[in-house]
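With the hints as constraints, model all of the structure from the sequences given.
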Amino acid sequence: MRIEKLLKQLKREFIKVNVIQACLDSILFFLIANLGLFLVSVEVFRDLSNMYLLAGISVVFLILDLYWRTQNYRLEIYEEKNPELREVLRTARDNLDRRNVASQALFDDVMDRARSVTSESIIPSKTIIQKILGVGLLCFLTVISGVADINLQDDTRNIFSGDRFGGESSGDGNFTLGNSSRIDIEDSNLSYDSSNISFNVQGESDSSDPEIRPYSSRENILYESSTEGLDDSAELAREYSVAIKEFE
Amino acid sequence: MQISNLDEAGKYNKASQKLNEIKEEVGKVIVGQEKIIENILISVLCDGNVLLESNPGMGKTKMVHTISKVMGLDFSRIQNTPDLMPSDITGTHIIDESSGDTEFIFQRGPIFSNMVLADEINRATPKTQSALLEAMQERQVTVGNQSYELDKPFFLMATQNPIDQEGTYPLPEAQRDRFMMKLELDYPRKEEEQEIVERFTSELNYEPELDEVISKASVVRLQEFTRQVPIANDIKERAIDIVTSTRDHDDLEYGASPRASMNIVLAAKGRALIKGRNHVSASDINSVAKPVLRHRIGLSFQAEKKGKDEDKVVEEIVHSV
Chain A
0 MRIEKLLKQL KREFIKVNVI QACLDSILFF LIANLGLFLV SVEVFRDLSN
50 MYLLAGISVV FLILDLYWRT QNYRLEIYEE KNPELREVLR TARDNLDRRN
100 VASQALFDDV MDRARSVTSE SIIPSKTIIQ KILGVGLLCF LTVISGVADI
150 NLQDDTRNIF SGDRFGGESS GDGNFTLGNS SRIDIEDSNL SYDSSNISFN
200 VQGESDSSDP EIRPYSSREN ILYESSTEGL DDSAELAREY SVAIKEFE
Chain B
0 MQISNLDEAG KYNKASQKLN EIKEEVGKVI VGQEKIIENI LISVLCDGNV
50 LLESNPGMGK TKMVHTISKV MGLDFSRIQN TPDLMPSDIT GTHIIDESSG
100 DTEFIFQRGP IFSNMVLADE INRATPKTQS ALLEAMQERQ VTVGNQSYEL
150 DKPFFLMATQ NPIDQEGTYP LPEAQRDRFM MKLELDYPRK EEEQEIVERF
200 TSELNYEPEL DEVISKASVV RLQEFTRQVP IANDIKERAI DIVTSTRDHD
250 DLEYGASPRA SMNIVLAAKG RALIKGRNHV SASDINSVAK PVLRHRIGLS
300 FQAEKKGKDE DKVVEEIVHS V
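Going line by line, the protein sequences match chains A and B.
Numbering-wise, the first sequence is residues 0 to 247 according to numbering that gives the first Met the number 0.
Numbering-wise, the second sequence is residues 0 to 320 according to numbering that gives the first Met the number 0.
Worth flagging that the hints you see were computed from the coordinates, not collected in a lab.
Just so it is clear, the structure is predicted and the values come from calculations on it, not from any experiment.
Incorrect hints may appear among the rest.
[To be verified] Listed below are the simulated BS3-like cross-link pairs for lysine-lysine, each with C-alpha atoms no more than 27 angstroms apart in a straight line:
no.	chain 1	residue 1	chain 2	residue 2
1	B	K235	A	K7
2	B	K235	A	K80
3	B	K10	A	K4
4	B	K22	B	K34
[What the hints assert, rightly or not] Quick list of the computed label-pair ranges, beta carbon to beta carbon:
no.	chain 1	residue 1	chain 2	residue 2	range
5	B	G306	A	Q70	45 to 55 angstroms
6	A	T141	B	D240	46 to 56 angstroms
7	A	T126	B	E236	27 to 37 angstroms
Every residue, glycine too, gets a C-beta built ideally from N, C-alpha and C.
Structure representation (C-alpha cells):
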C-alpha cells in the first residue's frame, strides 16, 4: 500500500517536472514563431491576428508535448538519477502483488531509500535554465524588433488571401482588386447600385519595372462610372478624382 | 504497522546473516574456495544438485562434509565404481528374523541422507547412474514395486575427475541437465595452499569445533524463503534471453533447456539472499550463468577448433545480452 503510494507520488513528481518543461517549450515555440512572422511580415490569416493563431497552436503544442512526455514515463529515470534505487524500484513495481516476508523487506527498504529522493533529482536543471534564458532573450528581441520596427520584408504578405495586393490577375494585363459587391459603404451617404460600378485603372510607368511590366500597355489612368444611375454624390466623387488626377 | 514491517525486514536480514555464518564456519576448515562454497550454498537453498569437477585431493569430501555438519544435515558418501549396483545406493529388502518371525524389511541405502556425495559418478554404470536420477529429480527411490520418499532436504553432490577418462561412463546430456550447477574446483593460490598445509599437518586429526548454525527444518524454511526473493521482470527476461541465446549460437551444437532458465533465476535469488540483498540484481544473473549453463551446452567442432570452451561462450553471451 505504502509502496503503491510512493510509486504514484514518483509519477506525479515526474509529471510536475514535465509540465514545467512542456510550458517552457510551448512558450519558446510561441515566441520564436511570433518573432519570425513579425520579421518577415507575414499575416497568416487576414481576419485573424497572428497572436491569437500562435496562442492556439502553442496550447495544442503544450498538450501534445505533455502527452508525449507522460507516455515516456519510466521508473528507470529515477533509478538512473538515484543509484541507490537501482533495480530496487523496478523490482518493487513488478512485485506489488506479493505479500511475503522478502517482498515486505524490499518494500521497507525502498521506502527507506526513497526518503532521500526528491523530484529535484530528475529535473534537468541545465536544460530548464537554458530554456528560461531562451525565453528571456526572445522576449527582449520581440520588444526590440517592435520598437525599432525591424522588418525583413517591406510589405505585409497574406498567406491565405491570394495575391499580395489582395486582388486577382487575369493574365492579360488586367488586374481586379476585388468584387465590387464586397464594398462596405454602410455609413456612407452614397446611394449606388454595386453591379453598375467598375473601376478601370490606367497609368504610366517605367516598363523595366518588373511589377509594372504586365500593365505596361496602358497609358492613362481613367476613372469612370458604367451607368447613368449614379446620384450627385457619386458624380461629385468622380469629379474630385479626375481633378486630383489632373493636378498630379 | 511499522513494527510488523520492521519484523519482516528483520527476518530477511536474519536469514541472510545465518547464511553468512555458515560460510564463516565452513571457512574454519576449508581454506579459500569461497566462490565454490557460495555456489554449493546457493544449490542447497534452491533445492538443487551439484556436479563438481576437480582433480583428486582438492578437499571435495571435506568441504561437503563440513557444510552438512554446519547446516545440521546427515551426510553420506557413495564411492562409484563400475561394479556398483543400484541397490547399493538405494537399499534393498533383507530378511529380518530379529523379532522371531521371518519377514522382509527394507534396508535403506546411503541415498537416504540429507547430503549425499556421489564420488566419481562417471565411474558407475549407466544403470547405477540412472538410479541416482530418480533420487535427484523425484526425491524418491523405487525398490521392487515400492517407492520410498527421501528425507527433506535432499542434496546430491556428484564429482567427476576431468583428467582420467579411461573406463568411465560420461553422463548423458539428459542426466547432466538435472544438476543445477556444475562447479569447477580450481587449485588454491600459493598462500592458501600454505595455510592448508599448516592446518592439516599440525594436528593428527584436524577437527575444529564447528557450530551447527541452522537445523534441517531451517534449511527447508530457507528454501521456501529463497523462492520469495523478489525479482524485476526485466531481470527475469535477461535470464531467459541468456538461455535462449545458447540455442542459436554459432559456437554451440545444442543449447540449454528451459530448466536452465528456471535454475538461473532460482540461483540468482539464492545468491541475492546470501549477499543480503532483498531483490535479485542483474549481477546475480551474470554471476550464476556460468555454473548453471556450462554443463547444459554443447560446443561445436569449429568452436573447439578455435580453442573456445563453454565458459568463454557463456561469457560472450552474457556480455552480448
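Cross-check of the supplied hints:
Taking the CA atoms of B/K235 and A/K7, the gap is about 24 angstroms. The hint holds against a cut of 27 angstroms. For the proposed pair B/K235 and A/K80, the alpha carbon gap of about 23 angstroms is at most 27 angstroms, so the pair holds. A hinted pair counts as satisfied when its Cα atoms are at most 27 angstroms apart, and B/K10 with A/K4 qualifies at roughly 24 angstroms. Using a Cα cut-off of 27 angstroms, the hinted pair B/K22 and B/K34 holds, with the two alpha carbons roughly 10 angstroms apart.
Range check, B/G306 to A/Q70: Cβ separation about 49 angstroms, and the 45 to 55 angstroms hint holds. At about 54 angstroms, the CB distance of A/T141 to B/D240 agrees with the hint of 46 to 56 angstroms. Between A/T126 and B/E236 the beta carbon distance is about 32 angstroms. The supplied range of 27 to 37 angstroms therefore holds.
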